[in-house]
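Here the protein sequences come in this chain order: S and H. Quick note on numbering: the first sequence equals residues 23 to 277 in my numbering. Quick note on numbering: the second sequence equals residues 253 to 318 in my numbering.
Just so you know, the hints here were simulated from the structure itself, not pulled from any lab data. Treat the hints with care, since some could be wrong.
[As the list claims (entries may be wrong)] 30 Å max Cα-Cα, derived DSS-like pairs, lysine-lysine:
#1 H:292 <-> S:36
#2 S:105 <-> S:36
#3 H:286 <-> S:36
#4 H:286 <-> S:177
#5 S:105 <-> H:286
#6 S:174 <-> H:292
#7 S:174 <-> H:286
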Amino acid sequence: MGILNFANPTRFMKLVQLALPWLVGLCAITFAVGLYMSFFRAPEDYQQGNTVRIMFIHVPAAWLAMMCYSVMALSSLGTLVWKHPLADVSAKCAAPIGAAFTFIALVTGSLWGKPMWGTYWVWDARLTSVLILFIMYLGLMVLWRTMEDPIKAGKAAAILTLVGTLNLPIVKFSVDWWNTLHQPASVVRMDGPTIHPDILIPLLVMAAAFTLLFFTLHLMAMQNEILRRRVRSLRLRAASTARPARPSSTIQPAE
Amino acid sequence: MDLGPHSDFIISSYAICFAVVLGLILWVRMDRAKLEATLKELAARGVSRNRSAEQKPEASGQALND
Numbered sequence: 023m024g025i026l027n028f029a030n031p032t033r034f035m036k037l038v039q040l041a042l043p044w045l046v047g048l049c050a051i052t053f054a055v056g057l058y059m060s061f062f063r064a065p066e067d068y069q070q071g072n073t074v075r076i077m078f079i080h081v082p083a084a085w086l087a088m089m090c091y092s093v094m095a096l097s098s099l100g101t102l103v104w105k106h107p108l109a110d111v112s113a114k115c116a117a118p119i120g121a122a123f124t125f126i127a128l129v130t131g132s133l134w135g136k137p138m139w140g141t142y143w144v145w146d147a148r149l150t151s152v153l154i155l156f157i158m159y160l161g162l163m164v165l166w167r168t169m170e171d172p173i174k175a176g177k178a179a180a181i182l183t184l185v186g187t188l189n190l191p192i193v194k195f196s197v198d199w200w201n202t203l204h205q206p207a208s209v210v211r212m213d214g215p216t217i218h219p220d221i222l223i224p225l226l227v228m229a230a231a232f233t234l235l236f237f238t239l240h241l242m243a244m245q246n247e248i249l250r251r252r253v254r255s256l257r258l259r260a261a262s263t264a265r266p267a268r269p270s271s272t273i274q275p276a277e
Numbered sequence: 253m254d255l256g257p258h259s260d261f262i263i264s265s266y267a268i269c270f271a272v273v274l275g276l277i278l279w280v281r282m283d284r285a286k287l288e289a290t291l292k293e294l295a296a297r298g299v300s301r302n303r304s305a306e307q308k309p310e311a312s313g314q315a316l317n318d
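Pulled out of the complex, with its shape left as it was, chain H reads as follows (with noise of 0.2 Å):
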């Protein structure tokens, strides 16, 4: 397809928005990843929205007892 004399005006507009809204995409499925791994380091501390299952490993450490 023949863009004409300014081809690449149109070709870096399209590029520029891809990479935008690929960075968008990517910014949005890593901060997802990160969080997911951050909550289950957390679960396996023992530190969950679950207050029973947060019980289990608080019963055997002092610390955290209260």
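Just chain S, with the same shape it has in the complex (with noise of 0.2 Å):
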């Protein structure tokens, strides 16, 4: 029931209208407390120092890489099993969005580990995986891009993001299927997290931040592609009336 009220896209452009206020001023307040704790509340790691603030923009990055593709991935599928009208506006407005948290966590994955590894870049499964990730997000953006019928678009680049969503797998076992240089997860657990309060709070104090700022960005991007859709059909009605139009003119001076 909750789905279907936003089947209707003016509608669902009036909910964001009233929501993306609150989003942004939550957004806003949860990155400055967030930010005020990484510098100046949790203390330096033992081992690692002060690169430990690295950390606090890598991991929820790097979440949300894996997040912004799952809702892809359910989009995909309200697109190709519900038919939903919002589903492929959802999928590809959430794939730029994923590409550039996938970029910060490779970049600030490959700062932090110059300093900690002694390297930028190693070719370990979890450092490919999310590289295969952010070139899966480009690849989806290109293909958007290459067919000019959204509805078309939508169902090809749909069946690429779920065929794409057995890199997710992939992505999060990684260090535990392979001996990587990348360290085993040390917050989602099954036996609960192995970092300190103090280093773990803002932690997750930041991942809400980063995750506000995805649905604040994805609903706005998604007000957008509605607006582009509306100004191509107005663009297709305008030629079509324009068009019969042709023949009457090229008459008119041989009459």
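Join these two chains into a complex; the hints should help.
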């Protein structure tokens, strides 16, 4: 019922317009608190020193990189199975945001890796699978751009997105399945987090801020995509009403 | 605040993150402004979602009247 209420793009636009100021405010406050805790509350790590502060953006960005793809996968199911009118809009708009978060995770991971591992990059399973995730985001963005009809593009992208979900468990469990330089999970574990609360709490606050940022940007981008489709349909309508006038204008001189 | 010997890496990480997030926000805002301008331009040409509004300019122009 809830999802069906959003099926009407005009109603969706109105609801988003109401929710956006609250989301933006909440996101800004959460970021302010998270950054304060990250720099002024969290202590240095006994091994990593101050470089642990990179983790407060690296880890949330990496989580969001995966969550964003999960949102795209669910949206793709919505496109192919339930044919929800906003599902392909959601999938299309999540791709650039997911690519941006994956890029942040890769770059900040490299910048953390140099002082801690002695190298910016190693071809281990976790890093490589996240790079593949980034390339998949870029591929999906290109696919959306290469097809003129958004409905056809939506279906093709939905199939490719669902195929790409095979990479998600590889990203998540790569550190358990293979011997990697990347450390194993230390927050989402069956036996609970292994991080001290002094570092865990700022990390979770920053993760909440990144998640709010994702939803804010995603909803704004979805609004834009609905407007883009309106522009497209209006142009098509204008072109179709203008076309029959052509023969009369070419015949006129002959008359 | 002293960030220690690896401060360059920490500051670079936050700067890149900030730049990417700012880029996303600007992309969304500029895209919105461009689309709204296009919709206004179409409405000024008499192409609108509101069919009754659309009929008025068309009534004077035979080319769009079909």
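Hints, verified against the model:
Note on residue 292 of chain H and residue 36 of chain S: the hinted pairing holds, with a Cα-Cα distance of about 19 Å set against a maximum of 30 Å. Between residue 105 of chain S and residue 36 of chain S the CA atoms are separated by roughly 22 Å; this keeps the pair inside 30 Å, and the hint holds. The suggested pairing of residue 286 of chain H with residue 36 of chain S holds, with an alpha-carbon distance near 20 Å, which does not exceed 30 Å. This hinted pair checks out: residue 286 of chain H and residue 177 of chain S have alpha carbons roughly 27 Å apart, not beyond 30 Å.
The hinted pair formed by residue 105 of chain S and residue 286 of chain H meets the criterion: a straight-line CA distance of about 29 Å does not exceed 30 Å. For the hint linking residue 174 of chain S to residue 292 of chain H, the alpha-carbon distance of about 28 Å falls within 30 Å, and the restraint holds. For the hint linking residue 174 of chain S to residue 286 of chain H, the alpha-carbon distance of about 25 Å falls within 30 Å, and the restraint holds.
In summary, this structure violates none of the numbered hints.
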